[in-house]
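First to last, the sequence lines map onto chains A and B.
Take our numbering: the last position of the first sequence gets the number 1541, and nothing is skipped along the way.
Take our numbering: the last position of the second sequence gets the number 899, and nothing is skipped along the way.
Be aware that one or more of the hints could be misleading.
Said to hold, decoys possible - Derived list of chain B stretches under chain A, where covered just means 3 residues or more per stretch with a C-beta under 8 Å from a C-beta of chain A:
1. 794–803
2. 872–879
3. 891–898
As the list claims (entries may be wrong) - Listed below are the simulated BS3-like cross-link pairs for lysine-lysine, each with C-alpha atoms no more than 25 Å apart in a straight line:
4. A:K1336 <-> B:K822
5. B:K865 <-> A:K1507
6. A:K1507 <-> B:K822
7. B:K865 <-> A:K1336
8. B:K865 <-> A:K1522
9. B:K822 <-> A:K1473
Unchecked claim - Rough simulated footprint, nothing fancy, chain B against chain A, three-plus residues with beta-carbon under 8 Å:
10. 1361–1375
11. 1414–1423
Source of the hints: derived by calculation from the structure; they are not laboratory data.
Just so it is clear, CB atoms sit at the ideal spot from N, CA and C, and this is done for glycine as well.
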Amino acid sequence: MCGICGCGSPEQKQSHKFVFKREHHHHHDELNTGRLIQLEQDLLSKNNTYAAQNREYFKQHNIFVLNLVSSPGAGKTTLLVETIKALNGQFPIAVIEGDQQTEHDADRIRATGTPALQINTGRACHLEAMGIGQALIELGVKDNSLLAIENVGNLVCPSSFDLGEAHKVVVLSVTEGDDKPLKYSDMFYAADVMLINKTDLLPYVDFDVDRCIRYAKQVNPEIQIICLSSTKGDNFTAWTDWLSEQMQLLS
Amino acid sequence: MHELSLLENVREILEDHAQSQKFKKVSRVTLEIGKLSCIEPEALRFGFDVVMKGSLAEGAELIITDLEGLGHCQQCGKNTIMEALYDPCSHCGRPLTVVQGMEMKIKDLVVI
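Can you make the complete structure from the sequences, with help from the hints?
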């Protein structure tokens, strides 16, 4: 008997083809020889299991974890370098860098004296939770610390992959369009915090901050927003104060 | 193209179930993809044969069923069909909470 339409059962006398015509897609022969297994399983279930393990580890070791996401060139690495300098050792920091190729970003972080591990994803366009679990062991992240994970520059794919972080932080620079929150709404929906970066360039670009904020809130009314410039330091303390507060909430 | 990674996850899930549910071949895979999830069904179709090649699902038929986006308005309590994550409530214009449409599931398999 067909597990979907019931044809082939004693009650169902009509021809299968006649009843369903085009809507009924399955190959009847296979069902006669095979068996149907209802799974109802999330495609991301494996990643989500690893993410839950990571989250449990972070909780046990009092590690505050941020997953930084953005398009390429929005300034994530510079933001991290300046954050490390501004916090000046208030609490231990470690960084995991995700890029398809090169150690460049990890080198920039290490130059500040902060431990960093580079994950090269090769052809993959995002980090996955299993890779973070392995990196944690290799990097030796300290208890009561901040772990910043800089994801691969990509405003699409990383939105689906939970790494076990406390928050996704989306960085949007003013040299990009102010309508990015609508164009790439999945990411702005998944993020809890949005940093509008490179505000020192606002006089030179056609970027409407209010419109950008309005669009972001349209996708995600709860999103927290900080406008800043990593290189010039404008409003940077709003960001570092937020981080310090979050670290205090941990203990 | 995170669809390829997702398809690799599908393959791993099938391999896990092959052991626990004792089957050797998968002849059909049905996926349920919410319209608000960031998955492109065409990209899944494009990658499916490539990723399943050499696995127990080589040559399997792929069926993708979609699930409509649905949002609930906290203000007026009504539901609205959503085409995009930024769609407001069609009754009062306020932001919606997504209640359906983010799903990406393996719904069922036909196995031999």
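Hints, one by one, checked against the model:
no., hint, in the structure
1, 794–803, "holds (count 4)"
2, 872–879, "holds (count 3)"
3, 891–898, "holds (count 8)"
4, A:K1336 <-> B:K822, "holds, 22 Å"
5, B:K865 <-> A:K1507, "holds, 20 Å"
6, A:K1507 <-> B:K822, "holds, 21 Å"
7, B:K865 <-> A:K1336, "violated, 35 Å"
8, B:K865 <-> A:K1522, "violated, 47 Å"
9, B:K822 <-> A:K1473, "holds, 16 Å"
10, 1361–1375, "violated (count 0)"
11, 1414–1423, "holds (count 4)"
The structure fails to meet hints 7, 8 and 10 from the earlier list, while all remaining hints are met.
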